[in-house]
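Start from the sequences and build out the full structure, keeping to the hints where you can.
So the sequences go chain by chain: G and F. The numbering used here numbers the first residue of the first sequence as 1 and each following residue consecutively. The numbering used here numbers the first residue of the second sequence as 1 and each following residue consecutively.
Hints were generated in silico from the structure; no laboratory data involved. Don't take every hint at face value.
[Stated by the list, open to error] Result set (EDC-like, lysine to aspartate or glutamate): computed pairs, CA atoms no more than 20 Å apart in a straight line:
| no. | chain 1 | residue 1 | chain 2 | residue 2 |
| --- | --- | --- | --- | --- |
| 1 | F | 116 | F | 135 |
| 2 | G | 11 | G | 64 |
| 3 | G | 11 | F | 152 |
| 4 | F | 141 | F | 17 |
| 5 | G | 11 | G | 81 |
| 6 | F | 155 | G | 13 |
| 7 | G | 41 | F | 55 |
| 8 | F | 141 | F | 207 |
| 9 | F | 141 | F | 201 |
| 10 | G | 11 | G | 50 |
| 11 | F | 116 | F | 201 |
| 12 | G | 11 | F | 151 |
[As the list claims (entries may be wrong)] To spell it out: a stretch of chain F is covered by chain G in this simulated footprint if at least three of its residues, at any positions, have a beta carbon under 8 Å from a beta carbon of chain G; those stretches are:
| no. | region |
| --- | --- |
| 13 | 52 to 64 |
| 14 | 101 to 115 |
| 15 | 144 to 151 |
Where a beta carbon is used, it is the ideal one built from N, C-alpha and C, also for glycine.
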Amino acid sequence: MPTIVVDVMPKAELLDPQGKATTGALARLGHAKFENVRIGKRFEFQVAGEVTDAVLAEVRQVADDILSNGVIEDVVAISVDGVQVSADAPAADAPAADAPAADAPAADALAGEAR
Amino acid sequence: MPRIGVVTFPGSLDDRDAQRAIRRADGEPVALWHADHDLQDVEAIVLPGGFSYGDYLRPGAIAAVSPIMTEVVAAANRGLPVLGICNGFQVLVESHLLPGGLIRNAHQQFIRRDQKLIVENADTAWTHRFQPGEEIVIPLKNGDGGYIANDETLKYLEGEGLVAFRYAGVNPNGSLNDIAGLTNERGNVVGLMPHPEHAVEAGFGPDTPDAMRSGIDGLRFFESAVEALVARAA
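Written out as structure tokens, the structure is:
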């Protein structure tokens, strides 16, 4: 059964209190070289059958409408069985300039983790 | 006597306090259940405080897509007065009845204090018994009360006078523009983080200069709604 992973992060321009507190803790423990911790969410779920374009569109809709709140968060990545797909719908009119490229290192990391 | 619904979600804490506040304002509280679609012909609705669905996913997010909220959103869009308190405010923003979002308090801690507020908009279904600029004190108790919105939304809220309440004295949670509560353009939907239903009876409210626990500033929220509904029925 294909596994779908949706990664959600707090918007870059907004304060992330959890990340800030964690950054402070790292510094106190002598790891001040690690800065700007931001804490996001990773959703994993499975779907019966093939992940068609229609299923993928439904995943994007669920990611945007339920799994994330566009006011405070961004869907930064969606992958199917470790292969990253665009978090934006192909026909979306919104520019996806800062969407991660499919071959970004993050995709490989996700792929490794998914297996 | 106006019938005012109070929605109970799994994890609601202050639903019975809200019912009691309605009773003290001479309204008739009607218990509504999250899994129903039936609003039981109520004339106004309160979404109470608490931790609906454990605040899983995001505070208010799962409650916002519960069966009753389909009806609450439709009713609010028809002009029915809706008040969201604390978790209820979070449900309102997750339902897009009010703009923006609420995140973890900037200092990361759950806070409980008697909070001074300035009434910024006294022209709503739930605030018309106040004077604009009036200072009130009601309890605040939450972990996720930081109000945020993008610049465009903030400009819209400020420009249209949709900030209903602002924190005074101290900003307890890092909310942008000290925003404690909002209303919509029609003024029928109001959401705020502090708890008016905990300041409705002398002996159980915040301290005032006159006497300990004598603060009942919260009562006028419910009286505002009851008064308008009674006037409409007359």
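Is it true that the CA of residue 41 (chain G) sits at most 20 Å from the CA of residue 55 (chain F)? holds (14 Å)
Would the pair residue 141 (chain F) and residue 17 (chain F) pass a check requiring their Cα atoms to be no farther apart than 20 Å? holds (14 Å)
Straight-line Cα separation of residue 116 (chain F) and residue 201 (chain F) no greater than 20 Å? Holds, because 18 Å separates the two Cα atoms, which is no more than 20 Å.
Cβ contact check, 8 Å cutoff: the region 52 to 64 of chain F against chain G, three residues minimum: holds (count 3)
So if I understand the rule, the pair passes when the alpha-carbon distance is 20 Å or less; does residue 11 (chain G) with residue 81 (chain G) pass? violated (26 Å)
Holds or violated: residue 155 (chain F) to residue 13 (chain G), with C-alpha atoms at most 20 Å apart: holds (17 Å)
Given hint residue 151 (chain F) paired with residue 11 (chain G) - CA-CA distance at most 20 Å: Holds: residue 11 (chain G) and residue 151 (chain F) sit about 13 Å apart, inside 20 Å.
20 Å Cα cutoff - pair residue 116 (chain F), residue 135 (chain F): Holds, because 7 Å separates the two Cα atoms, which is no more than 20 Å.
Holds or violated: residue 141 (chain F) to residue 207 (chain F), with C-alpha atoms at most 20 Å apart: holds (16 Å)
Does the structure keep residue 141 (chain F) and residue 201 (chain F) at a Cα separation of 20 Å or less? This hinted pair holds, its Cα atoms lying about 18 Å apart.
Under the criterion that the straight-line Cα-Cα distance not exceed 20 Å, is the pair residue 11 (chain G), residue 152 (chain F) satisfied? holds (15 Å)
Can the region 144 to 151 of chain F be counted as covered by chain G under the rule of three residues or more with Cβ-Cβ separation shorter than 8 Å? Contact hint for the region 144 to 151 of chain F vs chain G: holds, 4 residues under 8 Å.
Of the numbered hints stated above, those contradicted by the structure are hints 5, 10, listed in ascending order.
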